[in-house]
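Asker: Taking the working numbering as reference, the numbering of the sequence shown is continuous, increasing by one, and the terminal residue is 418.
Please keep in mind that the hints were generated in silico from the structure rather than gathered at the bench. It is possible that some hints are incorrect.
[To be verified] Simulated restraints, written as ranges between beta carbons of each label pair:
| id | residue 1 | residue 2 | range |
| --- | --- | --- | --- |
| 1 | Pro-284 | Val-408 | 23 to 31 Å |
| 2 | Thr-360 | Trp-156 | 29 to 37 Å |
| 3 | Glu-213 | Val-254 | 50 to 58 Å |
| 4 | Asp-357 | Tyr-381 | 49 to 57 Å |
| 5 | Arg-251 | Val-373 | 21 to 29 Å |
| 6 | Pro-314 | Arg-380 | 47 to 55 Å |
| 7 | Pro-284 | Arg-380 | 30 to 38 Å |
| 8 | Phe-187 | Gly-378 | 21 to 29 Å |
| 9 | Gly-316 | Thr-360 | 15 to 23 Å |
| 10 | Ser-241 | Phe-325 | 36 to 44 Å |
| 11 | Val-391 | Glu-213 | 29 to 37 Å |
All C-beta atoms in this analysis are idealised placements derived from N, C-alpha and C, irrespective of residue type, glycine included.
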Amino acid sequence: MEPRAYSASPVGANFLVTSYSWSTGSVVFDPTLPITDIQADVQGLAVAVGHSFNLLGNLAIATAAIPYAWADVTGKVFEQQSEVTRSGLADARFRLSVNLRGNPAMSPREFAAAPSRTIVGVSLTMTAPAGQYYDTKLINLGTNRWSFKPEAGISVPKGRWDLDGYVGAWFYTANSDFYPRGSLRTQDPIFALQGHAAYTFRPRLWVAADGTWYRGGGARVGDGETSTPLNNSRLGLTVSFPVGGRYSAKVAYASGVVAQRGTDFSTIAVAWQVLWLSPRWSGR
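Work the whole structure out from these sequences, hints included.
Answerer: In structure tokens:
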């Protein structure tokens, strides 16, 4: 969940984020896989970079993230109790967002003087199959496929409150090297809704209540039956606070409310961000 994903920003802003997350809970696999009673502990480190710029008069932000993960998974495979440990790169993620209304491309000085407005934006997130993957293994850190998520979002300021809503969908390419080696696995799109209510105490100090619901994602291997689609929801809380002039920290917690299939994790995440302006925009 991503509160304030379409928040206002000036052009020429750069940021570097390092984050750590820990997720634990159960995984309900689809019936196309001979895996049951799965419990998983997953830790992740990620480094992300971003830059805001002028795109046809609109504010645009491009980001890229490279994650590294450690996973300890226990459960039954073909009714035999098993435990596996994985560590390595997970799939890389890239995102381009454009605020179409309410936040035109502005210099830092213009941005500081601008009033808060309702923002309407769109984005495209893409994951690339850069993660560790073995076609002889059922449990992998990578997915061996591309995925794309177009999304539209709105952010409405109400005094100290910012109310956000997003609607999007994940689309997946086929994995032509699924287990057992050489099998073809396909997956239907997953449609997702997000809602956030953030309260700002002072600049860069805010707290947000988060919620998401997603449905779809039925999967099939070869000519097999399509699995039961997801129909899951999660709730969470995010706190962000400044540390000096250029730094900020963020702490987030999220947990599943309904998980008919897929992961039913509780997740704690912490992030450290440094923000600076490109030399061209410093003092402008």
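Asker: Compare the structure with each hint and give your call.
Answerer: Now the hints, each set against the structure:
no.: 1; hint: Pro-284 / Val-408: 23 to 31 Å; result: holds, 30 Å
no.: 2; hint: Thr-360 / Trp-156: 29 to 37 Å; result: holds, 32 Å
no.: 3; hint: Glu-213 / Val-254: 50 to 58 Å; result: holds, 52 Å
no.: 4; hint: Asp-357 / Tyr-381: 49 to 57 Å; result: holds, 54 Å
no.: 5; hint: Arg-251 / Val-373: 21 to 29 Å; result: holds, 25 Å
no.: 6; hint: Pro-314 / Arg-380: 47 to 55 Å; result: holds, 51 Å
no.: 7; hint: Pro-284 / Arg-380: 30 to 38 Å; result: holds, 33 Å
no.: 8; hint: Phe-187 / Gly-378: 21 to 29 Å; result: holds, 25 Å
no.: 9; hint: Gly-316 / Thr-360: 15 to 23 Å; result: holds, 20 Å
no.: 10; hint: Ser-241 / Phe-325: 36 to 44 Å; result: holds, 38 Å
no.: 11; hint: Val-391 / Glu-213: 29 to 37 Å; result: holds, 30 Å
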